[in-house]
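Colleague: The primary structure of each chain is shown beneath.
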Amino acid sequence: MTAPNEARPTSGSGNGIKLTLAWLAVGVPLLWGVVETLRKAMALFA
Amino acid sequence: MAGLLSKERTIAGPGFTRWLIPPCALATHLCIGQAYALSVFNLPMTRQLGVTHSIPGDWRLTELGWIFTIAIFVLGASAALFGKWVQAVGPRKSGFVAALCWGIGFLVGALGIKTHQLWLVYLGYGVIGGCGLGIGYITPVSTLISWFPDRRGMSTGMAIMGFGGGALIASPLSDFLMKHFSSPTSTGVVQTWVVLGIIYLVFMMGGAFGYRVPPDGWKPAGWVPPPEKAKTLITQHNVTPGDAVKTPQFWLLWVVLCLNVTAGIGVLGQASAMIQEMFKGRILPSAAAGFVGLLSIFNMGGRFGWASLSDKIGRKATYMCFFAIGTAMYALVPLTGKIGSPALFVACFCVIISMYGGGFATIPAYLSDVFGTKYVSAVHGRLLTAWSAAGVFGPVLVNYIRQFQIDHGIPKNQAYNITMYIMAVLLVIGFFANLVVKPVAERYHERTVPVGGPGDRRVTV
Chain A
0 MTAPNEARPT
10 SGSGNGIKLT
20 LAWLAVGVPL
30 LWGVVETLRK
40 AMALFA
Chain B
0 MAGLLSKERT
10 IAGPGFTRWL
20 IPPCALATHL
30 CIGQAYALSV
40 FNLPMTRQLG
50 VTHSIPGDWR
60 LTELGWIFTI
70 AIFVLGASAA
80 LFGKWVQAVG
90 PRKSGFVAAL
100 CWGIGFLVGA
110 LGIKTHQLWL
120 VYLGYGVIGG
130 CGLGIGYITP
140 VSTLISWFPD
150 RRGMSTGMAI
160 MGFGGGALIA
170 SPLSDFLMKH
180 FSSPTSTGVV
190 QTWVVLGIIY
200 LVFMMGGAFG
210 YRVPPDGWKP
220 AGWVPPPEKA
230 KTLITQHNVT
240 PGDAVKTPQF
250 WLLWVVLCLN
260 VTAGIGVLGQ
270 ASAMIQEMFK
280 GRILPSAAAG
290 FVGLLSIFNM
300 GGRFGWASLS
310 DKIGRKATYM
320 CFFAIGTAMY
330 ALVPLTGKIG
340 SPALFVACFC
350 VIISMYGGGF
360 ATIPAYLSDV
370 FGTKYVSAVH
380 GRLLTAWSAA
390 GVFGPVLVNY
400 IRQFQIDHGI
410 PKNQAYNITM
420 YIMAVLLVIG
430 FFANLVVKPV
440 AERYHERTVP
450 VGGPGDRRVT
460 V
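If you read the protein sequences in the order shown, they are chains A and B.
Residues 0 to 45, numbered by numbering that gives the first Met the number 0, are exactly what the first sequence covers, in order.
Residues 0 to 460, numbered by numbering that gives the first Met the number 0, are exactly what the second sequence covers, in order.
The shape of chain B in the complex, shown without the other chains:
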């Protein structure tokens, strides 16, 4: 088995088409993207004992909220911790481990729900599943960039689009399964988690065994690596993960990702409440749920669209667009409430959320431009700690400022205005952080002599 999973066994043979790699990456990301749909289990899990209604001893929503928080924290931590290992062992072994963690995480979580032990759910979904999330998230990145050096943004955007799309599948699928398994004595959550765990395990294994890495020196037919110019960010050199974190560029990009995610993640969690409070009486809960669904589609579409565009206009320019357009959109939101235009409000947030997704999808290509392709998974893994930070910072900012405003007598329909302006300011800071990103100083380059383009064999000096 160890041999079957080794990197050497995954080297592509003659006639292999690189277009078989994105479906493998999507198979991984569509499964782990379920994390965004975890909230569909919230209410049923608050009545595991009472079944039809909550009774004393049933879990509270605040306790259940920790499952997602732990999973996202472990995602960032494990991506940072195992990034170097993922890079070293190749996509098949890391994809295999991610599949095991994600599938087993669900099964352990199901056991926790069945026996009503919340710590087991935290351990299963949060910790074990969280490792699956982190390892699975970074697994395809390096492989895709090796196969698509000419379309780095599009290829990684396609995979990371899957993470956004995973929730679109998991949400209706979970609803269907819970309805199917529910009975007068059961909410159906346990059975649903078992079935999901098995489906994800099989699907992710399919992706893991489909991965192939290109042979040394491979490059797309007719593609010539762009010449390295002093002023462009795209380098033919590599920076090791250990050295990358010593560069100002790493921390500038950390701030860029963190602020871009902060601006979007807070809104995603509050979207339903926000639109109903800003347009009280005009937007019903069903319409608000539709708004959340629409945001999910823009989140997914933005990942592919913006990352593909970054291949044409460059990563730095793409992030400039995120921050400039995002600032304008956030500044506009209070006005939409003032003039009572839900359509304009929806349009603003669809654009904002598309850029939130676009930020996630463009960052691997940005990192490979700045730090080289060789260690991109490991560097990406370390940068994902920005996501963990934003995951805490964003919702706290939105929720606490809203509450502070309401406590000070501001009407609910205006309680988000200050938050929107703060988000706009954060994006201005992000704009300048991105603006000052320059090529990495030569002293950080790995001491190798490049023979050709990315993926080419390199000779250590």
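Isolated chain A, as found in the complex:
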């Protein structure tokens, strides 16, 4: 049930710092994993 005074969240705005930190927290390990895997995969083309 939405309270009459409850503002609707917007889809585009938000806390930029929170967003950056959240995406870095998952993006950095994922990127590291992809790079490490690609390095191993290079052996296929050697």
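One or more hints might be untrue.
[To be verified] Have a look at the derived ranges for each label pair, beta carbon to beta carbon: (1) A:V34 x B:G339: 51 to 57 Å; (2) B:G221 x A:R38: 40 to 46 Å; (3) A:V34 x B:L117: 34 to 40 Å; (4) A:W31 x B:R8: 29 to 35 Å.
Derived by calculation from the structure, the hints in this document are not laboratory data.
Here the structure is a predicted model, which means the values were calculated and not measured.
Even for Gly, the Cβ is constructed at its ideal location relative to N, Cα and C.
Following the hints, put chain B in place on chain A, whose structure we already have.
Modeller: What follows is chain B alone, placed relative to chain A:
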């Protein structure tokens, strides 16, 4: 604590951006995706007692293989069993429980390895961790679809991409930790499991406490739910999980997922051996390991890519692509061996594996189109039993047919040809199963009056 975890406490406040939800979902899936990298522990665990080499009393590979099998079986079973509960309690509580199960599963497993009691490893990683896998897998699905009704495929694809990506992180991380902790008296596996358990517990808790659900009636700015037409699969109605399993659509989609997974999972397990046997002398073990790594990247990329594409072309058309292109690719594989082209072989399997991942990532959006958004986690949980079935069926098909061929004098480099043709036939069956999926009959719709689009408040009649 119970209040802190309640669904009501997770309703997003003003100014909250929905783009904070995918990182939370990724935090969960990147952790549980470790399951795909479990094999890095296989060899070290066969010399837990001997350390440098296996001695009598050490575990055998066949015994260790059961850890993964149990975990994947429990994943499907717990997703089916707890799907309704996950839907009811919301993402924070279910994410919290998934984190506990996954973290504790590792710690109990580590205790089993330390005390050399395999049943404890089966219980820890397989059963407790398996529950974490199942609950964690379906936790973000409904929340993402509520936040992204306009991009259901992309949002769930992003989360499920994490499951594919989890192995890419876990594999080098586990290698690093085992090297760090190994000593003349230890393989380092126990310490590695403890550290992984703690890391995953903390990371998944972060994701669980970050989840927010949209307030009733929320929808993206400017987005209007597409009008429901008689011939489109996208419904504004909902079907309860109990009724969903009574529909032919559920079982057709079960077959669709099962066959798509069967075609990919058998290959994933045998990829290294297959490329070395088909191109004997030309592909060395190091290159074969590189091939497996490349497949993991396509598995992950396909999850995001194909699921995002499904938002544009529709779920049914996306699965048509999987089955049509997959059939052509499998039929082509024996030819790559015949003409001696590893490059073409690699290209075929990269496409096949991207569609294997794409199948997993597109199915939640397909289910929400067909059965509505309200119970999608619960319906998805029940459908994941198709994964459990394929997890047994796929590898058995590939391994046994290969062995049968070799036993009947077929050279090793041709031993996979029949399997490839069988896979192609399975995909043709999948094509027709997908083709006959029609909108769910009205009698299965939950008796509610839709007020607006998905996520809108509904009035029970």
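Colleague: Against this structure, judge whether each hint is valid.
Modeller: Verification of the hints:
1. A:V34 x B:G339: 51 to 57 Å: 31 Å, violated
2. B:G221 x A:R38: 40 to 46 Å: Given a distance of about 43 Å, which is inside 40 to 46 Å, the answer is holds.
3. A:V34 x B:L117: 34 to 40 Å: 35 Å, holds
4. A:W31 x B:R8: 29 to 35 Å: 34 Å, holds
Going through the hint list in order, the structure does not satisfy hint 1, though it satisfies all others.
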